[in-house]
Amino acid sequence: MGESLDSGALLEMLCRQARELIGAADALPRTVRVRAGEMSVEVEYSEAPAPPPAAAGQDGAPGETAPATAGGHVIRAPLVGTFYRAPEPGADPFVSIGDEVEAGQQIGILEAMKLMNPVDADRAGRVVDILVPDQTPVDFDAPLLVLAPADS
Amino acid sequence: MFETVLIANRGEIALRVARTCRELGIRVVMVHSTADRETWPVRFADRSVQIGPPPARHSYLNPAGIVEAALREGAEAVHPGYGFLSEDRDFAEICETHGITFIGPPATVIERLGDKAEARRVAVDAGVPVLPGSLEALGNAVEAKRVADRIGYPVIIKAVAGGGGRGMAVVRDGHEFLQVFRETRAVAQAVFGDGRVYVERFLETARHVEVQVLADRHGRVIHLGERDCTVQRSRQKLIEETPAPALPADLRARLGEAAVRCAREVGYVGAGTVEFVVDDENNFYFIEANCRIQVEHPVTEMVTGIDLIREQLLVAAGHPLSVRQEEVSPRGVAIECRVNTEDPDRGFLPAPGVLDVFEPPGGPFTRVDTYGRAGLAITPYYDSLLAKVVVWAPDRPGAIARMERALSEFIVAGAGVHTTIGFLRDVLAHPLFRDAKHRTSLVDQMLAVSACDAGIRTAS
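Line order of the protein sequences matches chains S and X. For the first sequence, full-length UniProt numbering begins at 1 and goes up steadily by one. For the second sequence, full-length UniProt numbering begins at 1 and goes up steadily by one.
Hint data in this document are derived by calculation from the structure and do not stem from the laboratory. Here a beta-carbon is modelled for each residue, glycine too, at the ideal position from N, C-alpha and C. Wrong hints could be hidden among the right ones.
What the hints assert, rightly or not - Chain X side only, calculated, beta carbon under 10 Å to chain S, not exhaustive:
| hint | residue |
| --- | --- |
| 1 | 23 |
| 2 | 50 |
| 3 | 53 |
| 4 | 72 |
| 5 | 140 |
| 6 | 142 |
| 7 | 430 |
What the hints assert, rightly or not - Far from chain X, some chain S residues (derived; all Cβ distances over 12 Å):
| hint | residue |
| --- | --- |
| 8 | 71 |
| 9 | 73 |
| 10 | 74 |
| 11 | 90 |
| 12 | 91 |
| 13 | 92 |
| 14 | 96 |
| 15 | 97 |
| 16 | 102 |
| 17 | 118 |
| 18 | 122 |
| 19 | 123 |
| 20 | 124 |
| 21 | 149 |
| 22 | 150 |
Unchecked claim - Computed list of chain S residues with no C-beta within reach of chain X, every gap over 10 Å:
| hint | residue |
| --- | --- |
| 23 | 87 |
| 24 | 100 |
| 25 | 104 |
| 26 | 105 |
| 27 | 109 |
| 28 | 120 |
| 29 | 129 |
| 30 | 133 |
| 31 | 134 |
| 32 | 142 |
Modelling step: build the complete structure from the supplied sequences, incorporating the hints.
Structure (structure tokens):
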């Protein structure tokens, strides 16, 4: 900066800018374009970050067993917290096995740092399994409940 | 002492902290993202809690998930490692309000030193020299240029909230100032959420020397000598050593005293680092203070025999430091090389992949801090530090020879995986490094020469 740059130095500067841009974001870019004539740095991201490598079961996590979820749709914990099946102690659970649920319908609560976070079904279906007992601490992404798709 | 400590970090530092906890009989809770589920630190821990998806914003930078995990697992304290939430005053405060001890300085100290303009003021109040520059953040570009014109070019514009070598730009000519000022402000706002910047003189050929300090809650503040971190690329450290080579003994003593004065001035508690630049006339200037354990802390441990993580835990638990200043007697020379999964032939771009082969060095006086294992998948979500190779020897030539031997043993291979091992060996072999005449410009000089050689090869 402050001096005229030859194209090599310009390219290096652009690469550095691009690296800084990439480093500042959480997601991996889909494409990175760096041009030297007229200068240009473009970093493009996909809508969603790449999914993590799949892994079965979570060894050692409390209250969890490897779920038998063949064919079903699994609703997972959106954050780390304590899972509640009912709106308050003694109340009826939000859902039970056999219930039909709609997309967006609340199926439980995750309490984290005294905040009650609703857990919603992200699609319609019939509840075929509930994998976590009431008042159980769960990790992020822990399987909570299995739905059979509504059209089955 | 604590019974259970939660480690809010990943990779080599998570394992490093966990090991000292284990030695002290402390139960370890590790939090991790889904990307790190299968890594060694998670397996090493007594308990683990998966707190979020791979992006750090939703896992390692998410205070709610970490505090929830600490409360659930009964952790009395949280060790933040470096990076992530280690210097986040809000996180320190959230921990304390939930009755969890944050292993680091108080939130108020993090806040003061995290504001780099304010940190300069702390140094001035402590009677420690700072580079000519502004003592306050400069909001107005024209006013800032007046300051720059007064102190003389080159100047460096730095984000008040910056860190990790980011959010700063050098201006070598006054005509460029206004534009670079606006760009740096925009970057600072985008990256740190705080657009405030300040200006200070930039030293083209300086040495980067930092002092390790330790302070407890009983009024004791000591230093453990200095580390030279002059070998840097884009302000990222590659090789660190202690003692700083080719520095007169009295200067090293004065650096240590200056660092202790800064720590006392701000009411520091825990392990911290005070960073200086040293010019060719052996003048030194405060540049910033870091409120965390540093990546390069092992070189200090190797020459002093003091486990810095243990001291952090002792201080956080309210105990006095285990050593007094007069008991600190560094011996010999230690060097650390940072092995990153980056490709030096492609501008040090991150080069992640699965490690099919991972054979770290061993042997006399050789320490490797790593979370690497054969089969480890290096993901692109986090920084590229794979391993720190640290050696000790009675003198500097011996330490360089030992490091050369250690790096020559280190084998890492996998599809798409590249490391900086070869480049580190080139630095070790460089005459300026061998003679300790190198400055912060060394790596750029080396890269310019190799780019030039490549150009000659292409042309012929």
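Hint numbers the structure violates, sorted upward?
-> 1, 5, 6, 7 and 32
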